[in-house]
Structures are given as C-alpha cells and as structure tokens.
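Please put together the full structure from these sequences, using the hints given.
2 protein chains.
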Amino acid sequence: MTPEPARFCLGCWQNLHMPVPLRGPLAAPFRLFGVKPSRMNPNTCTICEMAFTKIMKARAVTIDASVMFADLRGYTALTQTIDQDRLTELLDLFYDECAAAIWRYDGLLNKTLGDAVLAIFNFPVRQADHTAQALLAARQIQERFQARHDAVLKAMDLEGAELGIGIGIDCGKTNFGEFGRSHRDLTVIGTVVNRAARAQAGEILVTDAVRERTAAMIADDKGRDYALKGFERPVTLFAA
Amino acid sequence: MTPEPARFCLGCWQNLHMPVPLRGPLAAPFRLFGVKPSRMNPNTCTICEMAFTKIMKARAVTIDASVMFADLRGYTALTQTIDQDRLTELLDLFYDECAAAIWRYDGLLNKTLGDAVLAIFNFPVRQADHTAQALLAARQIQERFQARHDAVLKAMDLEGAELGIGIGIDCGKTNFGEFGRSHRDLTVIGTVVNRAARAQAGEILVTDAVRERTAAMIADDKGRDYALKGFERPVTLFAA
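Those protein sequences? They're chains A and B, same order as listed.
Read in numbering that gives the first Met the number 0, the first sequence has 28 at position 29, and its numbers run on one by one without any break.
Read in numbering that gives the first Met the number 0, the second sequence has 229 at position 230, and its numbers run on one by one without any break.
It should be emphasised that the hints constitute simulated quantities derived from the structure, not laboratory data.
Some clues are possibly wrong.
[Stated by the list, open to error] When the alpha-carbon atoms are kept at most 27 Å apart in a straight line, the in silico DSS-like pairs for lysine-lysine are as follows:
| no. | chain 1 | residue 1 | chain 2 | residue 2 |
| --- | --- | --- | --- | --- |
| 1 | B | 228 | B | 172 |
| 2 | A | 228 | A | 153 |
| 3 | A | 56 | B | 35 |
| 4 | A | 172 | A | 153 |
| 5 | B | 56 | B | 35 |
| 6 | A | 35 | B | 56 |
| 7 | A | 56 | A | 172 |
| 8 | A | 228 | A | 172 |
| 9 | B | 35 | A | 35 |
| 10 | B | 228 | A | 228 |
| 11 | B | 172 | B | 56 |
Shown next, in the form of structure tokens:
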C-alpha cells in the first residue's frame, strides 16, 4: 500500500535537477551538513525546506496549489474529559494517519496546531494533478481513521464517544514562502488557505474551484451554501 | 529596550547545567553538529527543541505553563481585499512584533498558523512568575503594534482599515512534548491551550487562573462570561 520511501529528494530533483540522497550510504556525507529527510515530507530534504529563499530567489512566491485542512471533531471537548496520556495517544494516531495519507500523495504536511493539520500539494514536489492528489489524500485519511476507529476507542476506554474528522480543501493562487523576519517560518497564506480552514463542517468539503478540477471524482453537483467566518458572502461547498 | 541576546543557551543551562554557546567563536564547533539558536527562542538552542525526548526521557511531560494566543483581527477579510505582497508585509510585521515581545519575556514562540501565534511560557526557560511574564509579553505586543499601526497602514495604503490584535492567556497543567510518531512536532496540548486559543474577543483576555497569579497587575475584578466554542459552560474572562 505505502510506496517505498524515495532514495533521492524529489523536490531537489524537480526544482534543481540535483540528486540529493536521502537514504543509504550516499546520504551520510549530506547528513554531516545537516541535510536530511524533511519532517514535512520524508521524500524531500531539508534543503527544500530551509533553503527555500535561496533556491527561489525570493522570500515568497505565488504558486498554484491545493490546500487541505483536517481536524479532529470534538477535540476541544475531549481535552476536558480524557486524561493527558490518552489525549497524546489520540493526537499521535491522528497526526500519523494524516501524515501517511498526505505523503502517499506527495503532499507537504506543513503544520499541525492542536487538532488542526495543514497540508499543501504542489510544493516542493510538483504535480500537474495536485488537486486530485489532495482529494485522494483526504479520502485516505478518512478511510485510515475509520479502519482504526473502533479499536482505538476500545483501547482508549472511550467506547461511548464518537470521533470524526472534518476536512476542507481549496485550490488556486497562494502565497508560499517564509514569513516573519526574526521567527522565519515556511508556510502558505491567502484566501485559499482561509477557505480550506473554514470548510470543515462535513467529512470532506471542497470549493467550486476544486470541483472544477476533479469533477469526475465528485458525485455532488449541487453543493450547499455555507456562511464561513471572515467571508462576507456564503461559500458554496461540495461534499466529496 | 531589547536586551542583548544570550551567549549561552538558557534552556540547557537551567535544565542540564551545561553551557552551550550560541554566539561568538565558541559556538562554531557546535554549529558543525547542527546546534544553533532555536527559531522558537533565539536565547535557547536547537538541543532544547530537537533533543527534548532524550533530555526529558519521555515523549511528553505534564508541566505548569502559561499559554498565549495572539491573532490579527480581520485577517481573513483582509486576505480577500489586499494583494499578496502587502499581506506578506503585514504578517512579517505581526510575527516580528510578537516574536520580539515573547522573547523579551523568555517565552517560546512555538507556532504560527496563518494569523495565529502560539507562545508558551516556562519552557525551556523556567520562570517562577511565568504567568506575569506572559501578561507582560501580551501588553508589549499591543504596545509595539499600536506604535506602528498608523505608519504601517499608511505605508500599505490601507488608511481606512482598522487593524487590531486579540490575545488570550490561560495557565495551568499542560502536556508538553513531541506528538505524532512519523511527523514529530514539539508543542503543547490540553484544555489550557484551547481556552487560550478561544479567549481572543478583547485586546487581552485572561482566565481566572491567570488573574489569581497576577491579581496586582489586573484592574478588572469582575470579568465577563463568554461562550467559547467547544466548552459546555461559559468561561469567565478578565480584561487585562
């Protein structure tokens, strides 16, 4: 199911036409200089992540990307009722299932904050069909979590509880790069990010832009209007 | 105003009684092994951040800490109206002012996500009065931002706009450590974090726990009940 980890950094190969070994004996000298698999995507290296500004010759660039947010429903309420050990276990599981699915489709697990996971598709690994990849990753997150749902709740002594994941996806022009001069941080910003972050009412909800690029994969052709915080007008979202 | 940057890592000194040079010629051999000032707090080093699990001999520990969230009001609406360059500039400014204030009071700028900044006080630099430090940092963020507010709006051609920062602080037992096994990530979780994240309706709002530890610094002794998302009962917050 899960493909073999890449032996060379996919990002450096695509963007710089440079083979940077990630694993095996060839990788050893690179490790000495701090080059290793990225925590955000183990098939790319820390050069892609840290030397972004140098490679791109700009602090931020506008790129076409797909952005996915996933969060654990009822997380805030859960933190008040279960003990820290079980909370840690639950977050471990959630992050790990998200990471596996995101990496499977060459996405970048850019950030986690509490129960929120932010993934970007189309950087550093370029994909012509990055929106479809984001959607496949979202579906795999739901599948992976569902498959372990009952066993996890049983192991955690939470058999009454109902755990679910909300996922939102949008795509389009985003601003990707390093923000903040003293606390530098590689991330993505823009309306696409905010829309994805707010679109988590259903299992997987996507914007019209996502649907246009992945129409054959999505049955819902009507959509529903949602009032999203920070957006003046209702945003039409499609169940995917 | 801003104190000199520390020459030795404050975290390693306090937790391990080990002097780890951060700057100057003594730091050079450490750099070779990837030990450098942390992006989360330049007065501590990457050992504090990366080798947490080894030092603590656990993946996560329960610590008493103060947690502060700051966010830029109206950010989502702004991303829809201003261009990417000005948005980048605004986020740079916001992150930098937050970082300066947080580091001034020995806090850890743990994460940024969009317009949200998460800071932790009492790790890796231990402080008996960490709650007071968090409050002072919050006030300094507001002061710094206010001082530059008009000039920034003018430079960005946004003179009609009204920019403000919302800050929430809570304190108490939190779970601090690395979560996720494949995507390892140092952060803090628990109800204290969620409460701080939701408490951003005013300029600076703090919980009862914060007020108890910093009563002499806070004029508001009545507070107001707020319905916070994910919390069954209203939470009393005090303007600080």
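Practice prompt. Take a quick look at whether residue 56(A) and residue 35(B) sit within 27 Å of each other, Cα to Cα.
Written response: Roughly 24 Å separates the two Cα atoms, so the pair holds.
Discussion item. Check the hint pairing residue 228(B) with residue 172(B) against an upper bound of 27 Å on the C-alpha distance.
Written reply: Roughly 21 Å separates the two Cα atoms, so the pair holds.
Worksheet item: Between residue 228(B) and residue 228(A), does the CA-CA distance stay at or below 27 Å?
Response: Roughly 13 Å between the alpha carbons, so the hint for residue 228(B) and residue 228(A) holds.
Worksheet item: Going straight from one Cα to the other, do residue 172(A) and residue 153(A) come out at no more than 27 Å?
Response: The hint is violated at about 43 Å.
Practice prompt. Could you grab the alpha-carbon distance between residue 228(A) and residue 172(A) and see if it respects the 27 Å cut-off?
Written response: 21 Å, holds
Discussion item. Tell me if the straight-line CA distance from residue 35(A) to residue 56(B) falls inside 27 Å.
Written reply: 24 Å, holds
Worksheet item: Taking only the CA atoms, is the gap from residue 56(B) to residue 35(B) under or equal to 27 Å?
Response: 22 Å, holds
Worksheet item: Can the restraint linking residue 35(B) and residue 35(A) be considered satisfied, given a maximum Cα separation of 27 Å?
Response: 16 Å, holds
Worksheet item: Under the criterion that the straight-line Cα-Cα distance not exceed 27 Å, is the pair residue 228(A), residue 153(A) satisfied?
Response: 36 Å, violated
Worksheet item: Taken at face value, is the distance from the CA of residue 172(A) to the CA of residue 56(A) at most 27 Å?
Response: 19 Å, holds
Discussion item. Check the hint pairing residue 172(B) with residue 56(B) against an upper bound of 27 Å on the C-alpha distance.
Written reply: 19 Å, holds
Checked against the numbered hints above, the structure violates hints 2, 4; every other hint is satisfied.
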